[in-house]
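Asker: Sequence:
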Amino acid sequence: MRTRLRNREFETEKEKRARAFDKLLALLQIFFAIFSVSLLVYLFFIMVLDFGHYRAKARSQRVGIIFSMRGDIFDRNGIKLATDKVYSDVYAHPADYDSKPEELAKILSPILNIPQDKLVQKLKKPGPVITLKKDIDRNKAKQIAKLHLREISLGKKNTREYPQGTLAAHVLGYYNFDADIANGVEYTAKDRLEHVVNTVKFQKTRDGKIIYDFMTDPVATTTNPKGENITLTIDAAIQHICEKEIEKMVKEKQAERGTVIVMNPKNGEILAYAVYPTFDPNNYKKATAQQLKNWTLTDVFPPGSTFKTITVASAMDLGKINENSKILDTGKTTIGKWEIKNYDYNIRPYPGEISLEYLFEHSSNIGSINVARKMSPKEFYDELKKFGFGAKTGIDLPGESTGLLPFWPHWDIGIHSTMAYGYGTSVTAIQMISAVQALANNGVKITPHIIKYSQEEYDNKIHYTQVVKPETAKSITRLLAAAINHGHSVIKMDKYNVAAKTGTSRKPNENASGYSPYMYTSTIGYLPASDPQILIYVMVDSAKVGAVWGNTVAGPVFYEVATQVARMMNLKPDKISTENN
1 MRTRLRNREF ETEKEKRARA FDKLLALLQI FFAIFSVSLL VYLFFIMVLD FGHYRAKARS
61 QRVGIIFSMR GDIFDRNGIK LATDKVYSDV YAHPADYDSK PEELAKILSP ILNIPQDKLV
121 QKLKKPGPVI TLKKDIDRNK AKQIAKLHLR EISLGKKNTR EYPQGTLAAH VLGYYNFDAD
181 IANGVEYTAK DRLEHVVNTV KFQKTRDGKI IYDFMTDPVA TTTNPKGENI TLTIDAAIQH
241 ICEKEIEKMV KEKQAERGTV IVMNPKNGEI LAYAVYPTFD PNNYKKATAQ QLKNWTLTDV
301 FPPGSTFKTI TVASAMDLGK INENSKILDT GKTTIGKWEI KNYDYNIRPY PGEISLEYLF
361 EHSSNIGSIN VARKMSPKEF YDELKKFGFG AKTGIDLPGE STGLLPFWPH WDIGIHSTMA
421 YGYGTSVTAI QMISAVQALA NNGVKITPHI IKYSQEEYDN KIHYTQVVKP ETAKSITRLL
481 AAAINHGHSV IKMDKYNVAA KTGTSRKPNE NASGYSPYMY TSTIGYLPAS DPQILIYVMV
541 DSAKVGAVWG NTVAGPVFYE VATQVARMMN LKPDKISTEN N
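All residue numbers for the sequence shown refer to the numbering used here, where the first residue is 1 and numbers rise by one.
No wet-lab data here; the hints were simulated from the structure. Since this is a predicted model, take the numbers as computed values, not measurements.
Across the chosen pairs, the derived CB separations fall in these ranges:
1. Lys392 / Asn229: 26 to 36 Å
2. Lys495 / Gly336: 43 to 53 Å
3. Pro398 / Tyr515: 27 to 37 Å
4. Pro398 / Asn324: 43 to 53 Å
5. Gly352 / Glu323: 17 to 27 Å
6. Val490 / Gln143: 55 to 65 Å
7. Glu228 / Gly336: 52 to 62 Å
8. His195 / Asn570: 32 to 42 Å
9. Phe407 / Asp459: 31 to 41 Å
10. Asp459 / Glu510: 33 to 43 Å
11. Asn77 / Asp344: 37 to 47 Å
12. Pro163 / Thr334: 57 to 67 Å
13. Gln254 / Glu323: 38 to 48 Å
A virtual CB, placed ideally from N, CA and C, is assigned to each residue, including glycine.
Given the sequences, and given the hints that come with them, work out the whole structure.
Answerer: Okay, here's the thing in structure tokens:
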């Protein structure tokens, strides 16, 4: 009896498990049925109702874009300064060999200028892709393409080239396609140089070959789109003159470096921007950091006596002095523990009451100090800020620094005095020429620029600032020209009145206080003084041979550049000769 009961209990348990399994199986069948129906509905939507979206998505995965070329850079007269050149790399694909390596080598050897036996060795190397040669020109690439070798492919790439070599290297800068690294105009005008209006797209196979259909333009797919061309304000001929003259003087005087900048003072256009030492942008990787650096934008220095033009102009514009004012010049003075003298103190120990023309002609430090003292620190500081010191000029080149101009509440009597003759502040070369440009342009300062702009861009980028009154600018011009004409400066010219000032300043030690034994020598001026057409700034750093003064080092460079540029531009003389008079 007990055995039967146990058997019945066992059969009942077994039936329960069977029924539970049947239920689970039924649920799984229902789930898979629903899943199958859902999948069919989903596929129906994809393949029938929404096929356009996925077809476009698939097409986008096959889309290729013809690589773009950067625009060219020209000087103001249309001379090409920078351009793109297309090169190709040649690759072999062993998996696709239809010919033996010896046969391929025989065909390709004369085109690639590689010995046949050496080419065979390359073609037999293991690997999916073998690089046979890099940077072949367009003609050789065409020759290879015409062979229709399935196992050989070409990879195009751009290389930036500079047809004029080192000319205007620091203006142009350089560009590296592989690393997307740029400097100079190549950097500041990057967006324009790379701006392509119509980008050519096409479909390609997995191995990169173009899929041609009725919508494919066969011409467009073989033509590289190009960015916008840029025209500079630079004149290549004037640039060449400046580069040769500054290089000659730096080498003659065994100087560290030098620069010549030529500007049109009426519109702020830079006609030449020579920086030495220079480099070849075609091989910029071989240049040293010192050669690559445009130190005229980044490095600051005490401007020396060229700054006296700014001091006198500031006091005159504030009404503290006028063109006929007399200034006391005692030859020397003491400020704190420092004694300050005129450079010619041994010859003229006590000039007495001097004119402003005398101040410029003899570069009087004491006279400049007494002019500066007629202004309060705040008044002087505000005038210097209007001239642009202590701020970037806004030139369209990268790396510009602001210079150093102490805030007026921090001025003591020493800073106030040394500021007068160009030692209380430190400037960049571009700041200095930008400030004097205002004096050559009836008191209106214009943003210096190196790129020719459309009218809309010009209005947005180039700013006009009335720094001093027109009468002040004209008075300073007359005084500077008279000082040159009545003096013995090397920059005096026969046909033109030149409004200019030379300067010499001691070079501070780089890593310590005090001054080094070397000098900054400079000359800045414009001509013809009656109607200024060109403004020239010359600066030579650390000349070591002969007499080291602004008049003896920078002055001769100024004179040569002014003479040649005046002749090239056919400037109208404004000086009446003694014979005619």
